[in-house]
Amino acid sequence: MSLSQGRRQFLKLMGVAGGGLILGLPLTGCNTKPYPFTEKNQWQPDAFLQFSEQGDVRFFLPQAEMGQGVTMGLATLIAEELDMNPAEIQITHAGVHKDYVAPAMGAQITGGSSSIRVRYEAIRQSAATAKFLLLQAASQQLQVPVGELTLSQGQVHYSDQTAPMANFVAIAARLSLPEPEQVVLKDSKDFQWIGHDRGPRIDALAKVTGTAEFGIDVDIPGLKRAALKRCPVIGGKVKSFETHGAEAQPGVLKILTIDNGVAVLADHYWQARKALNLIEVVWDFPQLVQVSSSDIEQLLTEGLKREGEEAFTQGQGAEGLTAARKTLKARYQVPYVAHATMEPMNCVVHLQGQRGELWVPTQAPDVAQAIMSEHSGIDRDKIQVHSTYLGGGFGRRGFHDFVAEATQIAKLSGEPVQLIWNREDDTQNDYYRPAAMADFEAGLDTNGQLQSWTVKRAGPNVLPYMFDEAMGAVLPDFLPQPMVEWASKRGYGIFDGWTVDSSSIEGLYEDYTIEHKEVRHVTVDPGLRCGFWRAVGHSFSGFFAESFMDELATLAGEDPLTFRLRHLDDNPRLKHVLSLAAEKAGWGAPKPGRFLGLAAVASFQSYVAEVAEVSVDNGQIKVHKVTCAVDCGRVVNPDMVRTQMEGGIIYGLTAALYSEITLKNGAVEQGNFHDYPMLRMLESPDIDVHMVDSEEPPTGVGEPGLPPIAPAVANAVFAATAQRLRRLPLKLA
Amino acid sequence: MISFQLNGVTVTTDVPEDTPLLWVIREHFRLTGAKFGCGMGLCGACTMHFNGSAVRTCVLPISAVADGEITTIEGLGQAQSLHIVQQAWITHNVPQCGYCQPGQIMSASALLSANPNPTDEDIDSFMSGNVCRCGTYPRIKQAIHAAAEAQKNRVVLFDPVQGEGVTT
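Chain order of the listed sequences is A and B.
Going by UniProt numbering, the first sequence opens with residue 1, and the numbers climb by one from there.
Going by UniProt numbering, the second sequence opens with residue 1, and the numbers climb by one from there.
Hints were generated in silico from the structure; no laboratory data involved.
Misleading hints may appear alongside valid ones.
Unchecked claim - Quick list of in silico lysine to aspartate or glutamate cross-link-like pairs, DMTMM-like style, CA-CA up to 25 Å:
| # | chain 1 | residue 1 | chain 2 | residue 2 |
| --- | --- | --- | --- | --- |
| 1 | A | K622 | B | D122 |
| 2 | A | K625 | B | D124 |
| 3 | A | K622 | B | E121 |
| 4 | A | K731 | B | D122 |
| 5 | A | K591 | A | D617 |
| 6 | A | K591 | A | D686 |
| 7 | A | K591 | B | D124 |
What the hints assert, rightly or not - Partial selection, computed: residues in chain A whose CB lies under 7 Å from chain B:
| # | residue |
| --- | --- |
| 8 | Y35 |
| 9 | F37 |
| 10 | P200 |
| 11 | I202 |
| 12 | K207 |
| 13 | V208 |
| 14 | G210 |
| 15 | Y269 |
| 16 | M342 |
| 17 | E646 |
| 18 | I687 |
| 19 | H690 |
| 20 | M691 |
Ideal placement from N, C-alpha and C gives every residue a C-beta, glycine not left out.
Chain A extracted, bound-state conformation:
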């Protein structure tokens, strides 16, 4: 079950799927709204492409670039159809417009490893349509039959002559769009760019020269900088405060109380931050103040004693266990974890009477716009959103509490405001990957074949938080704010006793052929807010299921690889990557002192297997090498796929070895990289990635590299020590 499917199901439940109807009211048609950032005297055949009469091609990038390489990926699709170098395409981050809403997403969200999967056809269609019109125009102008014309490198070729494409832009602009079936996409056997590495990623030059603009780099005339002191417990309010002279510090312009804290606005960031340190606040603490980490463990343990909701049943469900010859039970758990993007949350808000502008590194510009609208009172369509590059996203930048804060500061002060969080703000005010605990029980038949698999997961759900966040962007403009607020809170109850949030159970049960399966879910939310974190449910379920699978192989007395392969006949693509990774890693023949562990997980419609080579010395786990095999359908940019596998592995390894957010009296105890450590180069393994050559439709790679790494390492640690580690982060006794 993918994230997008989960969201789609949820949106259907709420009656807003496909941007259709809610409460019987049609969404306002915005076909006539102009596209943001459209320039005069340019031809813009659709939302994505713009051609100048000088022959420049501009692509309005509808997805957030947070490092995953979507700029390169989507530009490659355009370049392929237009037969040009992707490096020559000019890129503009798209603004907010309904035509940029990702198919099946409901909002302009980049997430769920979806960009290439959902846009592969549409973006090629867009470029091929433009090419069709340019050639029609050239045909008219040159009086040459269109069948005798070709377009490449910005030139129209006919017989032995060429003419610049630029000559035909003005004529193409006057032609009416063809029917979609008139436009023929390039045959894959003719691909020049898709599937080939013919140059570096196109955002690399800006990123190595320091000229790439991130949110934190935005500067506009008159900009003031803000820092905000929040309650140590998320959700707390200001009761009273003492400034201790902060207002008299150099550069300080204003001290302001907003919804969730006290802000200092100054000419420069450091002035604001220093003055903020002087301020003492008395807080009105929220209910979360009563919760500490030991309580969370207790709540989850108690939760698993409840029957919970049925999420999936196959065969006789849990009844199937009664026929088993051998059974095994195990309990797994993971803590809350933070995203820790390298760029702390920040944005620039400029309110100008009845209109406003927002510069923001975001995974959902329309959601950011709706939140700024809610807090400023300015209509959504009067707010121009300028997306920037994201200094990491990983799901964190689908949430926009920092936009709400900056908007309030801008509104109260009347100044253009840049709000910059520091690392402590960022670590302690995240939307965390939920903590989770799960009980597994499985049974083997007399042949050592898995015949039953049951699992019950207890923990918070993510979708209610997302729904609270995104409702304002999904609902029509004309609904009154109280109705939007009412609707946004429906998610919190809906998954407790009515239906199951698919992102809470995805990955717990799907991959292997087993006759009887039963999945149950118990919603236990201690109150710390949650969000999407790279690989979402698979970030914990992959660890749970693939570690338990190793335990079952041991129970069956069988090699973990052959045991898995015997249960993958109905999942040939996963079976193939597992075999491939094992073969490339030299499974069965580790080097002296090294131990191998493997895991395979299908997530977001991609298939990834990893083999970890590990040593254990004085209780310290060292991961030397990871061999990865991935099947993501047709590969658009091979090296981008490799980088995403590397990135998913290292991000997942940080969580597997180190990450744990703990609460004391409701406050997050970690603050910076000394107490919430990141994997560093010294601990980083060599990574060897192998791709399956495939003509299946392309799927995503931003997340699927992550889920197998924690179980692969845990399984290798078991091989090394005979200790089965059932919780993250992995710690040997």
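Let chain A serve as the given structure and place chain B on it in line with the hints.
Chain B alone, transformed into the frame defined by chain A:
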């Protein structure tokens, strides 16, 4: 009034002496290549060269650089005059989100100035003060080795005009 060399040009500033160099460079001199990551010298996103050595500027008070030489990523190399480390970063597709990369590049270039032929262990030890959340470490290591090799053989790894490497 504090005066120092910024990318070869003498500059002066009158900000309070305890202001971290990073914020002076970013907001007063408007060079935003160096990034804010942790404010505690723990992640290296703010790395610049101070008299040729890599330093964490989020914790370096401006008073400490008086009369010194500061080089930022903008001074290391620009699009038409890339430093060999920047070239290697491009040919090895190192940057993902790119936020930490100016700091990584400033550390790597300082490493290569001091040690033109670093081993894996030298790189691990020198570069472990720079955090990357996108997981670009394996490529950083390869790129540093490639830059060391290219430096030795006087090879241009990447020419943005030609889009590929040429030998000088």
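The hints, checked one at a time:
1. A/K622 to B/D122: Holds, at about 18 Å.
2. A/K625 to B/D124: OK: A/K625 and B/D124 at ~15 Å, within 25 Å.
3. A/K622 to B/E121: Distance ~15 Å between A/K622 and B/E121 Cα, so the pair holds.
4. A/K731 to B/D122: Outside the cut-off at roughly 28 Å; violated.
5. A/K591 to A/D617: Holds: A/K591 and A/D617 sit about 15 Å apart, inside 25 Å.
6. A/K591 to A/D686: Satisfied, since the Cα-Cα distance of roughly 15 Å is no more than 25 Å.
7. A/K591 to B/D124: holds (22 Å)
8. Y35: The hint is violated - A/Y35 has no Cβ within 7 Å of chain B, the shortest such distance being about 26 Å.
9. F37: Hint violated; A/F37 Cβ to chain B Cβ min 22 Å, cut 7 Å.
10. P200: For A/P200, the interface hint holds, since the closest Cβ of chain B sits about 5 Å away, which is under 7 Å.
11. I202: violated (10 Å)
12. K207: Nearest chain B Cβ about 3 Å off; hint holds.
13. V208: Holds - the Cβ of A/V208 comes within 7 Å of chain B, reaching about 4 Å at its closest.
14. G210: holds (2 Å)
15. Y269: Since the shortest Cβ distance to chain B is 6 Å, the answer is holds.
16. M342: A/M342 check passes; min Cβ-Cβ to chain B is 4 Å, inside 7 Å.
17. E646: Constraint on A/E646 satisfied, holds at 5 Å.
18. I687: For A/I687, the interface hint holds, since the closest Cβ of chain B sits about 5 Å away, which is under 7 Å.
19. H690: Hint violated; A/H690 Cβ to chain B Cβ min 15 Å, cut 7 Å.
20. M691: violated (15 Å)
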